[in-house]
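Chemist: Heads up: the sequence lines are chains A and B, in that order. With the numbering used here as the guide, the letters of the first sequence map in order to residues 1 to 226. With the numbering used here as the guide, the letters of the second sequence map in order to residues 1001 to 1277.
Source of the hints: derived by calculation from the structure; they are not laboratory data. Predicted model only: the values in this text are computed from it and were never measured. We put the beta carbon where it would ideally sit given N, CA and C, even for glycine. Incorrect hints may appear among the rest.
[Claimed, not checked] Cβ-Cβ distance ranges computed for the label pairs, FRET-style: (1) D1196(B) with T26(A): 23 to 33 Å; (2) G63(A) with P1210(B): 47 to 57 Å; (3) Q1068(B) with A18(A): 29 to 39 Å; (4) D1162(B) with L197(A): 52 to 62 Å; (5) L1082(B) with L201(A): 34 to 44 Å.
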Amino acid sequence: MMVAVAAGVLSADDAHRALLNSVAETARAIFGAKAASIFLYDEHTDELVFEAVAGSGADTLIGRRLPSSAGIAGWVLVTRQPLVIEDVRADPRFAQDVAEDTGYVPKGIMAVPLLHQERSLGVLEVLDRPANAKFTLAEMDLLGLFANQAAIALDLTQRSRRAREALEGADPAYAAVAQVARRLDEMGADSAAVRRLLEALADVLGPADGDAESGAERPMRRRRRS
Amino acid sequence: MSEAADDAPEELPAWSLTADQAAKLRDPAWPSRFTREWAWGGSTGKGVRVAIVDSGVDPDHPLVGTVQQAVTIGDPDTVEVLPDTEGDLCGHGTACAGIVRSIAPDCEIVSVRVLGAGYTGSGPVLMAGLEWAVDEKFDLINMSLSTTKRQFSEFLHELADDAYFNNTMIVASAHNMPVESYPWRFSSVLSVGSHDQKGPLTFFYNPDPPVEFFAPGLDLDVPWIGGSTLRCSGNSFATPHMTGICALILGKHPELTPFQLKSVLHGTATNVEEAAP
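The shape of chain A in the complex, shown without the other chains:
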């Protein structure tokens, strides 16, 4: 059982990466752009990470990290609002601080947040559409649809990565769970002893407390100042 789960998680990670690449590649093709990138927001380091790149920079940018407050992608990440800029080079801060550091300085950027449920997971950017192609509102809507797809892929990737970290023993507690699961697997899931053990374990643990997590996110109350 455990081996099968591990194999599934490991292969899923590759599949999700392929899915992200596919979304980036399709976005680039649809918009006739020179490049498209998907950034993942790393909450632990407060950085944006290049997760998938199609077109210019595809060989060098994967895994590169930027401060989450960097320029246009950072603004889009935080404000949850898409943004289209035709000539980003006119923004001195963008060109100097971010783009040159990545080795590719685009002219035009379409950036859209990758939103999944309540979270802002990252940013999809489409760089340098054809110079003579006029941007339309329909393209903005299309970009939003792509972003939805990319957000789902990114969410799956994150889940898969967390499961993989657990299986690889990054956390001793998860490693112990994995060890128990492996022993149970060896004993056979249908054995009466295993069933009794699992039932006893369920009794000890009691019902799942669904309120525990939501308690940490109580709604804010209005603070009226005198």
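With chain A fixed as given, assemble chain B onto it according to the hints.
Modeler: Quick look at chain B alone, frame taken from chain A:
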């Protein structure tokens, strides 16, 4: 308490209205049909206070002009407000302020910076910035941003209603993606999406809300940091167009409530005005 109120036989609850009281509520200045000339003809937005809740505003940009005050949030838990000397760390707030200024050249602009370096934990900062602006009773609050966190929705809803009933109109960017976000979905704010036509005063009433109005949001040359301009698109930039138009209207009719302001906007919207007999 006024003499008229002293003469009243008894205080009636606020949710009832007698015929006598109804007669006193007549507004002789209210036209039967709105024209743009009546709504904002001759107005420059003078006397109207506008808060730009965003990434800050570049105080030296020639297309923005004077920024009357610039604040940022210290401790969001106590709504601690500090003077802001950083200007604009992104460019977006400067763009919004510049668009408002281009339409209402004499309005007062105050920057409330809720974004900047280190975006982590920005939700409470954003809420605190908006709360300060509501408590300060600005006439208009431009909010070209939103949050998807449901934990903030109740608080934002309460803030939006408080603003509405205190004569502050929150003008908020709608989302053009299939997600729930706030505060633009609340009926007590004025929500704005983009249209692709030219003309800063071309705006459309949407009979199929939640997006209430559409304003120019495509291929706009807007001020950015460092004295530059960028060609941008997005609902973020449609929103300050409506804020600017609201500033013009309030500059001429400062007594309007947000409900009346929305009514005037409806009556003067390009699609409504052109269709009028």
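Chemist: State for each hint whether it applies.
Modeler: Status of each hint after checking the structure:
no., hint, result
1, D1196(B) with T26(A): 23 to 33 Å, "holds, 25 Å"
2, G63(A) with P1210(B): 47 to 57 Å, "violated, 40 Å"
3, Q1068(B) with A18(A): 29 to 39 Å, "violated, 53 Å"
4, D1162(B) with L197(A): 52 to 62 Å, "holds, 57 Å"
5, L1082(B) with L201(A): 34 to 44 Å, "violated, 53 Å"
Violated hints, in rising order: 2, 3 and 5; the structure is consistent with all others.
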